[in-house]
Each structure stands twice: as C-alpha cells, then as structure tokens.
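A.B. asks: Here is what each chain is made of, one letter per residue.
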Amino acid sequence: MKLTGKAWKFGNNVDTDVIIPARYLNTSDPSELAKHCMEDIDPEFADGVREGDIIVGGANFGCGSSREHAPISIKAAGVSCIVAEYFARIFYRNSFNMGLPIVECQEAAREADAGDILTVDLTSGRVINETKNRSYESEPVPIFMQELLSAGGLMPYTMKNLSK
Amino acid sequence: MTITEKILAAHSGSDRVTPGELITCEVDIALGNDITAPIAIKAFEEHGAKQVFDKKRVVLVPDHFAPNKDIASAQQAKVMRDFAKDREIENYFEVGKMGIEHALLPEENLSLPGDVIIGADSHTCTYGALGAFSTGIGSTDLAATMITGQIWLKVPETIKFMFKGKKKNKWISGKDLILYTIGKIGVSGALYKAMEFCGDVIDELSMDDRFALANMAVEAGAKNGIMKADNKTLAFIDSQEVKPVRDFKIYESDSDAKYQGVHEYDAEDIELQVAFPSLPENARPVGDAKDIVLDQIVIGSCTNGRYADLEIVATLLKGNKVARGVRMIIIPATQRIYKKAMNTGLLDVFIDAGAVVSTPTCGPCLGGHMGILAEGEKCLATTNRNFVGRMGHPKSEVYLASPAVATASAVTGKITDPAVI
Ligand code: SF4
Chain B
1 MKLTGKAWKF
11 GNNVDTDVII
21 PARYLNTSDP
31 SELAKHCMED
41 IDPEFADGVR
51 EGDIIVGGAN
61 FGCGSSREHA
71 PISIKAAGVS
81 CIVAEYFARI
91 FYRNSFNMGL
101 PIVECQEAAR
111 EADAGDILTV
121 DLTSGRVINE
131 TKNRSYESEP
141 VPIFMQELLS
151 AGGLMPYTMK
161 NLSK
Chain L
165 MTITEKILAA
175 HSGSDRVTPG
185 ELITCEVDIA
195 LGNDITAPIA
205 IKAFEEHGAK
215 QVFDKKRVVL
225 VPDHFAPNKD
235 IASAQQAKVM
245 RDFAKDREIE
255 NYFEVGKMGI
265 EHALLPEENL
275 SLPGDVIIGA
285 DSHTCTYGAL
295 GAFSTGIGST
305 DLAATMITGQ
315 IWLKVPETIK
325 FMFKGKKKNK
335 WISGKDLILY
345 TIGKIGVSGA
355 LYKAMEFCGD
365 VIDELSMDDR
375 FALANMAVEA
385 GAKNGIMKAD
395 NKTLAFIDSQ
405 EVKPVRDFKI
415 YESDSDAKYQ
425 GVHEYDAEDI
435 ELQVAFPSLP
445 ENARPVGDAK
455 DIVLDQIVIG
465 SCTNGRYADL
475 EIVATLLKGN
485 KVARGVRMII
495 IPATQRIYKK
505 AMNTGLLDVF
515 IDAGAVVSTP
525 TCGPCLGGHM
535 GILAEGEKCL
545 ATTNRNFVGR
555 MGHPKSEVYL
565 ASPAVATASA
575 VTGKITDPAV
585 I
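As they're listed, the protein sequences go chains B and L. Counting along the first sequence from 1, when you hit position 34 you're at 34 in our numbering, and nothing is skipped either side. Counting along the second sequence from 1, when you hit position 161 you're at 325 in our numbering, and nothing is skipped either side.
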C-alpha cells in the first residue's frame with residue numbers, strides 16, 4: 001500500500017498532551033478531536049491539514065499518556081501516515097491497533113522539510129521524498145503488525161480469532 | 165531470567181521467554197478509567213462482544229474528570245457506569261469509593277506480586293512497586309483484553325538500576341530517585357524496556373516511595389518498572405482493609421539474568437530534584453532552581469498523593485502559612501487516605517496553613533479541573549508530567565518535585581529546599 005502526501009514537520013518528543021490537550025478529552029468524538037489536533041504545538045495545523053497529508057516527527061513521537069484520542073484525532077484530521085525517527089511505545093501500539101499507519105525511518109524524518117511531498121510504501125518500508133528526490137529504506141512493518149493492519153485493526157483481528 | 169521475564173513466561177504458558185519474542189499473555193487485571201474506558205466500551209459493543217472475560221478482573225475507575233466537571237464528561241462517565249452495571253463488573257468504583265486508580269488498586273489488593281496487569285492508562289506501571297508486571301496500553305487493547313483476558317506483548321529487554329549507599333538527607337524520596345534517573349537517561353532512555361530497580365536504597369524505601377518511583381518509569385519511555393517484593397511488600401498487603409482474593413507469587417531475578425544495561429547510582433550524589441518545564445528529563449538539583457516564583461502548588465496524583473506524602477507535607481507545613489499570592493491545592497489520592505488524614509489531624513494542619521483540600525481526583529494533574537493554570541502562571545506539582553499545557557494554558561509552566569520540596573516552596577512562594585524552612 002502506497003501513500004502520498006504533503007509533510008507537516010514536528011520536532012522531538014511530541015507528547016500526547018500537545019497532540020490533543022486534556023481539556024478536549026471530555027469527548028471521544030473523532031471529528032471534535034480532529035478540530036483540536038496539535039493545537040498547543042501548531043495552532044494552524046487543524047485548519048491547514050488536508051486529507052492524505054503526512055506528519056513527520058522526530059524522536060519519541062507520541063510520548064506520554066495512553067490516550068487513544070491522540071492517534072484518533074490525527075487520523076480524523078485526515079492524516080494518512082506518520083513518519084518519525086521512532087515512536088513512544090503506547091502510541092506505536094495504539095496506532096496499529098486502530099489502523100493508523102506509522103513508519104519509523106530516521107533519515108527520512110530528519111531530512112524532510114515542511115511542505116515536501118512524501119510517498120510511503122508500507123509493504124516495503126520505503127519512503128520517498130519526491131520534492132528532494134531522495135529515497136530511504138526502513139524496516140518493513142513486523143509480520144504480526146501487518147496481520148493486524150490487514151485484518152483492519154486489533155478488534156476485527158480478535159473477533160476473527162475468537163470465532164475460529 | 166529477570167523478574168519481568170519470569171512473570172511473562174508464567175503467564176504465557178512457557179518455561180522461558182526471551183527479549184524480543186512476541187507472546188500472548190494471560191492477564192490478571194485489566195483496568196480502564198473515565199477517559200479511556202468509554203472508547204474501549206464502544207469498540208467492545210460495536211464488535212458484538214457479549215460479556216467480559218471475568219467480572220472480577222476488569223477494574224473501572226472514574227477518576228480523571230470525576231466528580232464530573234461538565235456535561236460532556238458526565239456523559240462520558242455514564243458510558244462506563246452503565247457498562248459496569250450491565251456487565252456486572254464487580255470492581256467499578258463510584259464517586260465516594262473512588263480514588264486515583266493507581267493508588268486505589270493496591271489499597272483494594274487488586275494488584276499483587278507476580279501479576280500481569282494491563283491498564284488503559286500510561287501510569288499502570290505503578291504496580292511494579294509490588295513486584296508485578298504492569299504496563300499501560302490504549303483503549304483498543306483494553307477492549308480486546310476485556311473480551312479475551314489476554315494481550316499480545318513483546319518481551320522487553322531489562323535495564324537494571326542499582327541505587328547504593330546512603331541518602332544525603334531525610335527529605336530525599338522515591339520521587340527524587342526517579343527524577344534523577346530520568347534526568348540521566350532521558351525521556352526515551354528506557355524506550356520499550358523494563359526498568360528493574362534494586363539496591364540498598366530501594367530496600368529501605370517505604371512502599372509509598374516505591375510506588376512513586378515505579379509510577380514514573382513510563383516517563384523514561386519504559387514498558388514497565390519493577391522491583392522485587394519483600395517483607396515490606398507483604399506487610400503492605402497484609403495491612404490493607406481488603407484482603408487479597410487471589411494467590412500470588414513472588415519472583416526474583418536470577419543471579420545470571422541478562423540485562424541490556426546496568427546503571428549504578430550512588431545515593432550520595434543524589435540531591436533533591438526539580439524537573440523544569442516541559443519534560444520530566446529536565447531534572448536539576450533544587451539548588452539550581454533559584455528565584456522561581458510560583459503561583460500554585462499541587463500535592464497529589466498517582467505519583468505523590470499517598471498518606472506518607474501527606475505526612476511529609478504536614479510536617480513541613482505545621483506552624484507555617486502558605487505564602488501570600490500562592491494557591492496550595494492538596495488532593496488525597498483515595499477516600500481511605502483522605503479519611504486517615506482527617507483522623508490524624510493532617511487536614512487541620514493543611515487548612516490552618518491556608519491550603520485547600522479536595523476530594524480524590526486526578527483533576528489538575530492532567531489539566532482536567534480543580535486547579536487549571538492561566539497564561540504565564542507557574543506551578544510546582546508532585547505530579548509526573550510537565551509537558552506544554554499539561555495543567556492548563558499552553559503558556560503556563562509546571563515544575564515537578566517531591567512533596568517536601570513542594571511544601572517548602574508553598575511556604576516561601578518560590579522553589580525552595582526544605583532544609584531552609
Ligand atoms: S493522577 Fe495524573 S498521571 Fe495519574 S492517572 Fe491521574 S491524570 Fe494520570
């Protein structure tokens with residue numbers, strides 16, 4: 001599966017409190033959460049982001065709380081994929097469990113600038129920066145996680161295995 | 165094997181597990197709160213699940229926005245309350261019985277040594293203080309575990325943290341040890357890893373200090389923080405009003421267990437710590453925090469809202485007053501802690517000094533309610549996170565410290581070493 005979109009660039013340690021502040025956690029409605037996505041780190045993001053855009057993060061993206069509201073708000077904002085140097089543990093799990101593709105690729109994340117057009121091939125792990133004409137390899141998604149993604153996330157996967 | 169590996173092996177039906185291995189693990193307790201459980205419940209119901217795997221092993225605690233702060237949070241809490249009623253969840257703790265989840269479960273003896281506990285809350289790692297494997301997960305994981313009683317996990321590598329020697333002074337607490345550690349290794353210094361704490365200094369810590377220490381393992385990116393259960397752990401379990409309804413087992417790391425790394429810290433080098441905004445890794449000795457004038461002090465949270473913490477606050481506050489211009493908010497973590505503090509006169513000390521005492525809630529810790537910061541305000545809190553906007557306005561600031569430093573600072577109005585007052 002290939003995804004192409006415009007990059008929104010963020011730094012290191014983007015935490016779940018800036019992705020979606022707790023003052024909005026009194027709802028879990030995805031479209032409400034999307035309106036405030038990244039509000040405390042980039043107030044322009046929620047208005048400016050377009051369907052298919054890609055978030056580029058630095059090290060330890062998604063650190064902090066276990067709130068699934070964070071990947072939910074990002075997905076509902078239209079973001080197709082996150083490329084980061086590496087992700088915090090719970091955020092990594094949550095993203096796969098709810099079907100938001102994420103890729104760990106240090107070089108691609110470091111070299112991308114805001115506005116670059118990126119193409120991410122989830123199967124091979126290849127990230128292409130179309131603007132800079134550069135291509136990067138990353139570890140393909142582990143088999144078990146690929147199974148999760150192809151089942152449509154952890155819940156469909158669990159229900160399918162239960163009925164076996 | 166390490167303690168963590170032994171517990172995971174025992175819960176996945178194997179004699180041995182190795183770091184990196186993906187396992188399916190039986191879960192002793194699955195925990196959710198008023199923010200994370202509603203999303204799990206929605207997934208549970210949408211996928212046609214009928215019943216939870218075990219009515220005694222699902223624990224639901226409305227603590228974040230409870231007592232409900234507005235209509236939206238009331239609706240959300242109701243989702244969990246209705247679910248608990250419909251599915252006959254035994255361990256649902258309504259307001260009045262409720263406390264901050266990670267202080268409440270040990271009191272209820274729901275978290276026991278050798279357990280695997282997963283919780284849709286990142287500070288679920290707290291139960292490592294009892295020698296349990298416990299880790300935070302998201303709502304979808306919680307939904308799946310509520311159905312199957314199992315979870316998929318990657319066995320983490322373990323990093324050992326050994327604390328030796330004598331603490332510099334009596335105010336040095338579990339909070340200082342963990343802030344110091346995070347200051348050394350950074351907020352992703354233990355990413356995906358188990359942090360195992362040991363050494364004389366750990367053996368001497370009170371249980372409440374051990375909880376504070378294990379609680380913040382996630383702030384170093386860890387999957388879990390753990391230490392071996394000992395006589396203090398057993399005494400703690402015994403002393404609770406509610407007795408355990410399950411057997412438990414104590415695990416110890418083998419002498420030839422493999423560690424990904426070993427860090428040795430000498431307690432002599434560890435000063436009282438303050439983590440500067442806006443990451444817990446910005447920990448510095450309290451002496452480096454000169455002339456930082458504060459607007460608010462918060463004592464509470466799943467890190468430092470326990471009885472031993474309140475006792476320290478009262479010791480330092482007795483005969484003193486909260487400085488003019490400072491708001492001091494004290495939140496006992498559970499109803500039992502609240503009641504004990506009332507019976508032993510701690511609440512009188514707090515109120516006489518000019519502090520306010522709240523019903524148990526997470527409240528300001530996550531910027532929920534009961535002490536939100538305005539633009540430009542500075543707060544010193546005994547909580548565990550000081551991210552941008554964590555306690556309110558994105559241009560407010562949170563400093564993290566122990567109850568002793570927080571109380572001394574409340575008295576002077578700026579960040580202060582308790583030795584001074
Ligand atoms: S007290 Fe703070 S850190 Fe602990 S569970 Fe509540 S919100 Fe989370």
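Worth flagging that the hints you see were computed from the coordinates, not collected in a lab. If you're wondering where the values come from, they're calculated on a predicted model, not measured in any experiment. Be a bit skeptical, because a hint or two may be false.
So the derived list for chain L, only partly shown, Cβ under 8 Å to chain B, looks like this [what the hints assert, rightly or not]: (1) D179; (2) T182; (3) L186; (4) I187; (5) H211; (6) F229; (7) P558; (8) I585.
Here chain B is said to cover these stretches of chain L; the calculated rule only asks that three of the stretch's residues, wherever they fall, bring their Cβ under 8 Å from a Cβ of chain B [to be verified]: (9) 199 to 206; (10) 234 to 245; (11) 307 to 320; (12) 526 to 532.
C-beta atoms are modelled at their ideal positions from N, C-alpha and C, and glycine is treated no differently.
A.B. asks: Each hint: holds or not?
C.D. replies: Comparing the hints with the structure gives:
Hint on D179 of chain L is violated. Least Cβ distance to chain B is approximately 22 Å, over the 8 Å limit. Interface restraint check for T182 of chain L: the shortest CB-CB distance to chain B comes to about 16 Å, outside 8 Å, so the restraint is violated. Given the 8 Å rule on beta carbons, the hint for L186 of chain L holds: about 6 Å separates it from the nearest Cβ of chain B. Checking I187 of chain L against chain B: minimum C-beta separation of about 11 Å lies over 8 Å; hint violated.
For H211 of chain L, the interface hint holds, since its Cβ comes within 8 Å of a Cβ in chain B; the closest pair sits about 5 Å apart. Interface hint status for F229 of chain L: upheld, as the beta-carbon distance to the closest one in chain B is roughly 6 Å, under 8 Å. Because the closest C-beta pair between P558 of chain L and chain B is about 4 Å apart, less than 8 Å, the hint holds. The restraint placing I585 of chain L at the interface with chain B is violated, with a minimum CB-CB distance near 32 Å, outside the 8 Å limit.
With 5 residues having a Cβ less than 8 Å from any Cβ of chain B, the region 199 to 206 of chain L passes the three-residue criterion, so the hint holds. Using a Cβ-Cβ cut-off of 8 Å, 4 residues of the region 234 to 245 of chain L lie near chain B, which meets the minimum of three, so the contact claim holds. Look at the region 307 to 320 of chain L against chain B: 5 of its residues bring a Cβ nearer than 8 Å to a Cβ of that chain, three or more, so the hint holds. A count of 3 residues in the region 526 to 532 of chain L with a Cβ less than 8 Å from any Cβ of chain B is obtained; the coverage claim is therefore met, three being the minimum.
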